[in-house]
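Construct the complete structure from the given sequences, taking the supplied hints into account.
Line order of the protein sequences matches chains D and H. Taking my numbering, the leading residue of the first sequence gets 1, the next gets one more, and so forth. Taking my numbering, the leading residue of the second sequence gets 1, the next gets one more, and so forth.
It is possible that part of the hints are untrue.
Straight-line C-alpha distance at most 30 Å; calculated DSSO-like pairs for lysine-lysine [to be verified]:
#  : chain 1 : residue 1 : chain 2 : residue 2
1  : D       : Lys-94    : H       : Lys-348
2  : H       : Lys-14    : H       : Lys-351
3  : D       : Lys-71    : H       : Lys-272
4  : D       : Lys-94    : H       : Lys-539
5  : D       : Lys-94    : H       : Lys-212
6  : H       : Lys-642   : H       : Lys-435
7  : D       : Lys-94    : H       : Lys-14
8  : H       : Lys-212   : H       : Lys-435
9  : D       : Lys-117   : H       : Lys-651
10 : H       : Lys-148   : H       : Lys-14
11 : H       : Lys-14    : H       : Lys-348
12 : H       : Lys-148   : H       : Lys-59
13 : D       : Lys-71    : H       : Lys-212
14 : H       : Lys-435   : H       : Lys-445
15 : H       : Lys-272   : H       : Lys-632
16 : H       : Lys-445   : H       : Lys-539
17 : H       : Lys-148   : H       : Lys-435
18 : D       : Lys-117   : D       : Lys-71
19 : H       : Lys-14    : H       : Lys-59
20 : H       : Lys-642   : H       : Lys-212
21 : D       : Lys-117   : H       : Lys-642
22 : D       : Lys-117   : D       : Lys-94
23 : H       : Lys-212   : H       : Lys-59
24 : H       : Lys-632   : H       : Lys-642
Chain H side only, calculated, beta carbon under 7 Å to chain D, not exhaustive [said to hold, decoys possible]:
#  : residue
25 : Glu-138
26 : Gly-209
27 : Ala-211
28 : Asp-216
29 : Glu-268
30 : Lys-272
31 : Ile-338
32 : Gly-387
33 : Met-608
34 : Met-616
35 : Asn-637
36 : Arg-645
37 : Glu-653
38 : Val-657
None of these hints come from the bench; they were simulated from the model. Bear in mind that the values here come from a model prediction, so they are computed numbers and not experimental data. Quick reminder that beta carbons are idealized off the backbone N, C-alpha and C, glycines included.
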Amino acid sequence: MSETIRFILNGSPVTLDTEADRTLLWVLRTDLELTGAKYGCGAGLCGSCTVVVDGAAVRSCLTSLGGVEGKDVTTIEGLAQSGELHPLQEAFRKLGGFQCGYCTPGMIMNAYALLLKGPSPGRDAIVQGMESNLCRCSAYTRIVEAIETAAAELGGSHE
Amino acid sequence: MSDMRQMDRREFVKLLGGGIVVVVNLGPLTLFNSRDPLDFQRGYPEDINAYLHIAEDGKVTLFSGKIEMGQGVMTSLTQMAAEDLGVSLETIHIVMGDTDRCPWDMGTFGSLTTRMFGPAVRAAAARARLVLTDLASERLGVARDALKVEDGVVFVEADRSRRVSYGELARGQEITHTVDEEAVLRAVEEFKVMGDSPERLDGYDKMTGAAKFAGDIRLPGMLYARILRPPAHGARLTRVDTSAAEAMPGITVVNQGGLVATLASDPEKAEKALNLIEADYELPTPSVDTESIFDHLVAAAPAPNTTEREGDLEAGRAQCAQEFEATYYNAYVAHAPIEPHTAVAELKDGKMTVWSSTQGPFSQQRTIAREIGYDAGDVRVITPYVGGGFGGKVSGRQAVEAARLAVITGAPVQVAWTRAEEFFYDSFRPAAVLKVASGIDGDGKIKLWDYQVYGAGSRGSGVFYDIPNRSVRVYGEWGRAPEGLHPFAVGPWRAPAANSNRFAAEQQIDIMAAAVGIDPLEFRLLNTTDERMLAVLRKAAEVYGWEAATAPRRGGRGRGLACGIDAETYVALVADVTVDPATGHVQVDRVVCVQDMGLVVNPDGARMQMEGCIAMGLGYAFGEEIRFEGGKILDSNFGTYKLARFSWMPKIETAFVSNDALPPKGGGEPAIINVGAVVANAIFDATGARVYRLPMTADRVLAAIRST
Ligand code: FES
Ligand code: FES
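Have a look at this one:
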């Protein structure tokens, strides 16, 4: 059954007339043509579909569209501001926190939410906070370095 | 060179819109020689491996059939071309893995790209520069020696104002040049370390979500397909009822030639419809499972291929003061790229275009053509960014499915496998049994090596220790396994067979060192005279800060050492572990990895590959194992199939033994081959327990500890 669903997507209001029980990941990737969030497992086990909803990282493959009604959704496409990369993106790029790049949007969004929660996490907190995101290319150590670097640069001013 | 070819070249450069083209043509001595007859049909000159085009507007394009799946070749190939052509990195555009635009290529695997392709690209770029400088010398009326090139501009060294750009030089030209094997070999010799590791060209787009993978292609009217899958390999569909799915609005149901699929404009809707399909299968009785596979592999193995034979095993036994026998086991593992196999197919004006996540666009082109009954020339495969391959994205099943569905429905179709499909149709790294008998004399010299490998194959089984009496027998190569040996498809997985072979061989070496009371490093140095091996071992010891001690030292902390050769690269690893004796949990604290990989083209890229190998290797060392009952795969997602993750990561240190005289060797695989072995050796040092079976799960480590 179609209903009208409204939420904020990357800073702009979105209105959709569709079923509320559809999965956010597929609505983003099809209706909204934002293909940055990726399917990796469809079961909340890999994190490649991660987006940020009201400041918290969520698995968009397990989130219904109805669940973000009235909320603020940020995807990887909304992170760079007028072509300028977010410090996290910059650090991932510079420090090689990616290889194939498929898990990268999910990694960055998860890290983004992590830094929203606590702007200067230690290495252990980063590892713990990122633990359920998988990278088969196994760029793990550089991803941690990238997050540390970005956190240092943001110096608590993260938003 | 025949006139015919010359004509082809003219046509070719015209087709590209004029300018200057340098093609690479390598003879049968190189690895790209397996020419594809399709080349004749595509109107390409028939003997091209790659080419470089300098257009009339000065734009430089490098065309290569290779693909980018995370190994960074897009950047390294462009970097090489830029360097030798004398232009900035940004000036060059690279087109990869497009069967209509790129010359034929065998596929991207086996750590071959930089090693084999790099020198070819460099030779082409160097030749182009020469051609352009000659043109400039004519144009400016100055001898070539007096000219210099910077950033795509040729100028008179003594008077910089007299200059002409590559674009101006290319204008109105229709020039083709060929570099052949000789030129490429010369490039190999002149290959200099670039030292410099530029930022990845694909970096920006991969940070912003703009980078397109096959599943990100959107075409008007595109349908998302979901396909009915059997519950097990070998199952036979006996009844299917699609009526309920057909009754769903907005759903297209296909049931043709064994392909049963539901399609919709929304993948979830297609999924819902698929779930409404009723299907019955006839299942074969499972004959092997995760535990019984090892006996089966030994019993069903084909006759051995003796890959090494030296001296006499019986005589060797007579020289031994101590003999050792052990059997090692390895599991089936999945490639499990985070991007599952995906393809989008579109049929337009009789031409089939498929965007596919593949390591082999050209072989896929041929497979698709065969399966849908088209001329290969009417099939185009385009390879967007590939989300990891590791040897698993070679067969083109998903691309064939998408193409078939596009033919049947007339609409563009996306087939994106679910994680369960990915685990089901993967071509797993084969399980393996390795039986090793070895012996040493009273001085710690190895006198006997009797090595048998079942299921895995030969890679990594070569003996680089000086053992006078040795035999290596390989019962079946993964690529040529007889029917029925494995219950499902097997295939190459990052350094195929080598992970199994090194796990056995390097533990066996350690077992002997421990028995004779010699430090593991000392023991290896004592038993090999291979200079490159000695060098990586010494360097690894130096970086690690190795102090001699006999294993096991026990106490819950240990260090291990292992070494090997892969893709002509020499590699040595040292690892520190902490073992929890109560749970069997192993934490790897530190890994040192040293490689002699010949000339290092892009040091940072090479390090990244080494780190990736080690991190990924921890997965197969501790967690990865496909569990199955006959053709039924019991692992369908990451909940039970354990990949390495953040908390598993040790501190990783990488270093090189510099060997610039040697052309670049493989970098994408060598560092992974010893991860199982080095960890097993460290566990032994920490606990005195040997773990003979991969993966070394906490349960297995605990069982090993308890039985010592
Ligand atoms: S796709 Fe959502 S967690 Fe894997
Ligand atoms: S970069 Fe390939 S999966 Fe993470």
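How the hints compare with the structure:
1. D:Lys-94 to H:Lys-348: Given that 30 Å is the threshold and the Cα spacing comes to 41 Å, the pair is violated.
2. H:Lys-14 to H:Lys-351: 23 Å, holds
3. D:Lys-71 to H:Lys-272: 27 Å, holds
4. D:Lys-94 to H:Lys-539: 28 Å, holds
5. D:Lys-94 to H:Lys-212: 20 Å, holds
6. H:Lys-642 to H:Lys-435: With Cα atoms ~27 Å apart, H:Lys-642 and H:Lys-435 stay inside 30 Å; holds.
7. D:Lys-94 to H:Lys-14: 40 Å, violated
8. H:Lys-212 to H:Lys-435: Distance ~46 Å between H:Lys-212 and H:Lys-435 Cα, so the pair is violated.
9. D:Lys-117 to H:Lys-651: Holds, because 26 Å separates the two Cα atoms, which is no more than 30 Å.
10. H:Lys-148 to H:Lys-14: 29 Å, holds
11. H:Lys-14 to H:Lys-348: 26 Å, holds
12. H:Lys-148 to H:Lys-59: Distance ~19 Å between H:Lys-148 and H:Lys-59 Cα, so the pair holds.
13. D:Lys-71 to H:Lys-212: Given that 30 Å is the threshold and the Cα spacing comes to 28 Å, the pair holds.
14. H:Lys-435 to H:Lys-445: Since the Cα atoms of H:Lys-435 and H:Lys-445 sit roughly 20 Å apart, the hinted pair holds (cutoff 30 Å).
15. H:Lys-272 to H:Lys-632: It holds: about 23 Å lies between the C-alpha atoms, which stays within 30 Å.
16. H:Lys-445 to H:Lys-539: Roughly 23 Å separates the two Cα atoms, so the pair holds.
17. H:Lys-148 to H:Lys-435: At roughly 62 Å apart (the allowed maximum being 30 Å), H:Lys-435 and H:Lys-148 break the hint.
18. D:Lys-117 to D:Lys-71: With Cα atoms ~18 Å apart, D:Lys-117 and D:Lys-71 stay inside 30 Å; holds.
19. H:Lys-14 to H:Lys-59: Holds, at roughly 16 Å.
20. H:Lys-642 to H:Lys-212: 28 Å, holds
21. D:Lys-117 to H:Lys-642: 28 Å, holds
22. D:Lys-117 to D:Lys-94: With a Cα-Cα distance of about 24 Å, the restraint between D:Lys-117 and D:Lys-94 holds, given a limit of 30 Å.
23. H:Lys-212 to H:Lys-59: Measuring from Cα to Cα gives roughly 23 Å; hence the hint holds.
24. H:Lys-632 to H:Lys-642: 18 Å, holds
25. Glu-138: Hint on H:Glu-138: violated, closest Cβ of chain D at ~43 Å, above 7 Å.
26. Gly-209: Given a least distance of 2 Å, the restraint on H:Gly-209 holds.
27. Ala-211: Hint on H:Ala-211: holds, closest Cβ of chain D at ~6 Å, below 7 Å.
28. Asp-216: 4 Å, holds
29. Glu-268: Where the cut-off is 7 Å and the nearest Cβ of chain D is about 5 Å from H:Glu-268, the hint holds.
30. Lys-272: With a minimum Cβ separation of about 11 Å from chain D (threshold 7 Å), the hint on H:Lys-272 is violated.
31. Ile-338: 5 Å, holds
32. Gly-387: Constraint on H:Gly-387 satisfied, holds at 3 Å.
33. Met-608: 5 Å, holds
34. Met-616: 4 Å, holds
35. Asn-637: 5 Å, holds
36. Arg-645: 6 Å, holds
37. Glu-653: Nearest chain D Cβ about 10 Å off; hint violated.
38. Val-657: 22 Å, violated
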